[in-house]
Amino acid sequence: MAAPLKSVLIANRGEIALRIIRACKELSIRSVLVYSEADADSLPVKLADQAICIGPPQAALSYRNASAVISAALAFKVDAIHPGYGFLSENADFAALCEEEGIVFIGPSSEVIRNMGDKIEAKKIARRAGVPTVPGSVGAIAEYSEALAVASEVGYPLLIKAAAGGGGRGMRVVQRAETLEKDLSEIMSEAEVAFGDPSVYIERYLTDIRHIEIQVISDGTTTLHLGERDCTTQRRNQKLIEESPSPVLDAELRRGLALAAVALCQEVGYRNAGTIEFVFDNIERTYYFIEMNTRIQVEHPVSEEVSGIDLIKLQLQIAGGIPLTMTQDDVVIRGHAIECRINAEDPDRGFAPGPGTISTFRQPGGFGVRMDTHIETGYTIPPFYDSMIGKLICWGQNRDEAIVRMIRALDELVIDGVITTAPFHKKILESAEFTSGDFNTAFVAEFMERG
Amino acid sequence: MAAPLKSVLIANRGEIALRIIRACKELSIRSVLVYSEADADSLPVKLADQAICIGPPQAALSYRNASAVISAALAFKVDAIHPGYGFLSENADFAALCEEEGIVFIGPSSEVIRNMGDKIEAKKIARRAGVPTVPGSVGAIAEYSEALAVASEVGYPLLIKAAAGGGGRGMRVVQRAETLEKDLSEIMSEAEVAFGDPSVYIERYLTDIRHIEIQVISDGTTTLHLGERDCTTQRRNQKLIEESPSPVLDAELRRGLALAAVALCQEVGYRNAGTIEFVFDNIERTYYFIEMNTRIQVEHPVSEEVSGIDLIKLQLQIAGGIPLTMTQDDVVIRGHAIECRINAEDPDRGFAPGPGTISTFRQPGGFGVRMDTHIETGYTIPPFYDSMIGKLICWGQNRDEAIVRMIRALDELVIDGVITTAPFHKKILESAEFTSGDFNTAFVAEFMERG
Amino acid sequence: MPLNPPDARELQRIVDWVNLTDDVRELSIKFGDVELFISRDRQRPAVQAPGQAAAAPAAVAAPSAPSTAALAALPPQAAAPAVSPAPVTPASVVPAVAASADELAADEVLIKAPMVGTYYASPKPGSPAFVAVGDTVSAETVLCIVEVMKLMNNVEAQVEGTVSRILVHDNQAVEYGQPLMVIKRQA
Amino acid sequence: MPLNPPDARELQRIVDWVNLTDDVRELSIKFGDVELFISRDRQRPAVQAPGQAAAAPAAVAAPSAPSTAALAALPPQAAAPAVSPAPVTPASVVPAVAASADELAADEVLIKAPMVGTYYASPKPGSPAFVAVGDTVSAETVLCIVEVMKLMNNVEAQVEGTVSRILVHDNQAVEYGQPLMVIKRQA
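Chains as they are written, first to last, in the working numbering: chain A, 1 to 451; chain B, 452 to 902; chain C, 903 to 1089; chain D, 1090 to 1276.
Since the hints were made in silico from the structure, they are not lab data. In this text the structure is predicted, and so the values were computed from the model without any measurement. Don't take each hint at face value.
[As the list claims (entries may be wrong)] Simulated DEER-style distance windows between Cβ atoms:
| hint | chain 1 | residue 1 | chain 2 | residue 2 | range |
| --- | --- | --- | --- | --- | --- |
| 1 | B | Thr831 | A | Gln328 | 40 to 46 Å |
| 2 | B | Gly807 | D | Arg1254 | 42 to 48 Å |
| 3 | A | Gln328 | B | Glu552 | 38 to 44 Å |
| 4 | B | Glu881 | A | Ser436 | 46 to 52 Å |
| 5 | B | Ser603 | A | Gln328 | 55 to 61 Å |
| 6 | D | Ala1276 | A | Gly378 | 39 to 45 Å |
| 7 | A | Gln328 | B | Arg736 | 33 to 39 Å |
| 8 | B | Thr831 | A | Asp41 | 50 to 56 Å |
| 9 | B | Asp492 | A | Ala251 | 39 to 45 Å |
C-beta: ideal position from N, C-alpha, C; glycine also.
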């Protein structure tokens, strides 16, 4: 594991597969892409040094098929696997299989993935590392008396969450102390019925928040942060626009967030690239740890553009046992970067995904414009996967320049044949709220309601 | 002239027209492109806010046709003209016509263009500003005794140049003092016959040189430099590859060059973007002023990438009377940038230009890659103009990264249907000389001879 | 007088002088391969904007070389080659087969702008237009003027026929090659 | 034993154990919707590389669900849906109309790799190949093995006929769907 990688299997598709292929080429690492039958004609397949079909279009039988991916890695003799994001990227069992088979998993250890993948466990680790978490119960609550004690600390409104729930199920907002007992008993009964487990957690319900995350990279010894990304522009918890730096942080908050992120990584012996997600409470102007993503993220280019640091190349080098040579002082954030996720979705029809064939693609260009995409003129978007077809990233000397550049690039972008979210992005970028920088996670929903 | 520009006529074509259109859009300036009949289907015509045909394909009747350009500006009521590079960009008479017609010429005053366009006059100005020039005679020489005196100062080999010559005509290298008298009388006779003027200049003949230039931007009061560009990779005085910073300068030389460039600008009251060209003598490790280009240059993106400063936007702002707000301390050079000029030429046939239709164009992308080009799939390169069809610019944290990124991008680039210089660039970039950084202006010729 | 051919500014000064005077009707200058011919239609009544010399519609045509090309031949460039011997009138006459915004009948001819500039329907503001729809024209009939930097270029019909359509309006900025009129050829 | 279905590692351990023992010929395990069936062809003679357990060619086939899909169904994901009921042998049989590197005759059938992995022509190194060109095969004849992470998947002919061409060589890494053999159908 300490030898620089000679070959890397890329267990992903689309723009991130292309991104990893490019990094491999720049490091003279042989790029071996695995792909499903649906992606046989895709740009990453054309550009990889080698491409291996591993299964039919369904992700469960190809990109999520751990044994097929590992079998390909073994049969075709690659040193390492880069999982990209999604699919197998945060699958601790897959990482463990790689470890057992002697294949380098490009990411942290399976143990770290497992621990940070467990939200309760991750929260405990954060507290151990002195990282603030949303005020609330430390463990599960089964009695009204306990709930009352926690509630008096946390304040109202508060949130009751079924311990066994998830994805928005088994949650209730409690507005006043008067209803706490009734709400508690109701949600516990519901949880008992739904999940066979009545235990619940209580935490402060935050109403005016931003989503801010810190990018870290670590070789296991040295942990560097690359500043924050502000991902407040979301729709139904789906990020639409990410930017760096955040328009609302001051130097002290920025420093606090970064140090918290690094402390958390050091607590768990984190290795490779990762992101620590926080909520930022606009009212109290304070931040709380939410979760850690133990992989490269969709929005990593935003940090690359402001730092000048190629995160994927560092991932590959660290996985090959090459320690970081730079120090935190070498990480200098310059200007402002914004990313728009371009999805093949129709904003006028509830963002319904619309696969299809791209009759004309014109990539915007010029100074400060980067488009990470696998689409080409004539490319058919398969219906089996995510609807994201590209990321448009614009850099500027400041936020205003980045915004006007993004609007200019969106005007230049042509994707004919399918409906995309590009025009919707333009509307967001031109709105008074976005340009002011002063908004919260409800902004897009409110913006759409106004029409 | 002191009002921010509302509309700009772009008196150019190809990638630089597109570059200026993009800058206009980001500044909310209406872009009015003039074009010849040969460019009616070109990308800049599609992307400009307004496009006006001003003449037939021949440049003399369209892009070089001063009265047509000014007539268009007057008839269509634009505030200013951006001449790009080439064509009318360094035509002092054209700039003077703009001044007379009350149209803002985006560049320095016609007087400065005229003075700096006269090589003898420019050299005199440089001396006045304390900028080193190639050692040699101050004025024209008509007598052997004068020549002998200059030669003893300058040393051998030296160069005799007919005052009325140019473009390589009427030049002779003198290797030894013994032949000076004979060479002088011969070249003077030749000059008398060829140009009707026997007077000559003498200067030191430099054999191991690099071409290094300083980018400046000035609002007429504040003059900033954006570091140097090294354009040593040339073929027959045609720049092939430009980079910044230069791989051979130390901090002291870099500072000396920059201060010399700024001093020259201040001497002439320079306004807008300009480039001061120097030869750098590898043997003596010293530099001499050669000439000033009073316009934006082809290779300006190299400086943009390392400085983060949008030169075209600054040109437009300065022309609109908006002073520079940054100081020299705000100009920070980060990393390394390289530009390859992609020409539709066949290196195997003496770089013969080959116009034609591009059947497939694939633009390289990803982190640190920028391609400024007007070509598209299906675009036909007209035979009337320059053979440059695009510029590939790569940025890296250091020179090595910029080189591998450029090689990766060149591999990704597809321009089918015409022969281009892209594969030739790759060979140059992979050569030991180029990667070492240690070469001179003869490098490409020697590289080609070796085959 | 210099021995070198005049540059654009010198020509411009001559044109300006003609504009400012009241008593010059025609002027012809030839320096080497540059030829300038000015023919004024009528006197311009008054200056338009105070403090600025008005652009008088002095009709300028280069009898043997197109004046626009000559003006383009500014030092230090060599004189622009005249691509083809320019006709007396620089208007481009395009037969019916050429594409146009509207369909042309087989006997219709499109008159295009010979240069970029401002279209004038009449010799001076307020005076009657050179031609109206339905007018009969000969090859020499002046249809309109296109002004290029105060040089007034007469556009002649070059065909015999009747004015079928006028596609632009007075004072309109026109591109090079922009369709101006349709002439129905005499049967 | 845990009540939850086994994960890939537990299945792997069982297969490893079967490989290491000499006396297990067949093994069948069923946990919920995961079924594992192992049928060993013969005993493997010796370990190949010192210090490392050899990958014995224990032939593994999932009688009712494809074993690879089952293995892919790692926690925390739900079990991968079996897209269609898998046949006894997971080989893809493609009729002659399907595209292939070489032209197929009308009565020829292409045998493709049912999964990515390593192709073995014989049940163990050094032993005779399952089939050779010219051999007559029935639908149940094992043509080769594709190893997926030490799981040996028998590829059966599914048609009656004769082996017409073998397109890969022993020990070759093969993609999903890669053409392995051509079977000429019995007339």
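Are any of the numbered hints broken by this structure? If so, which, sorted upward? 1, 3, 8, 9
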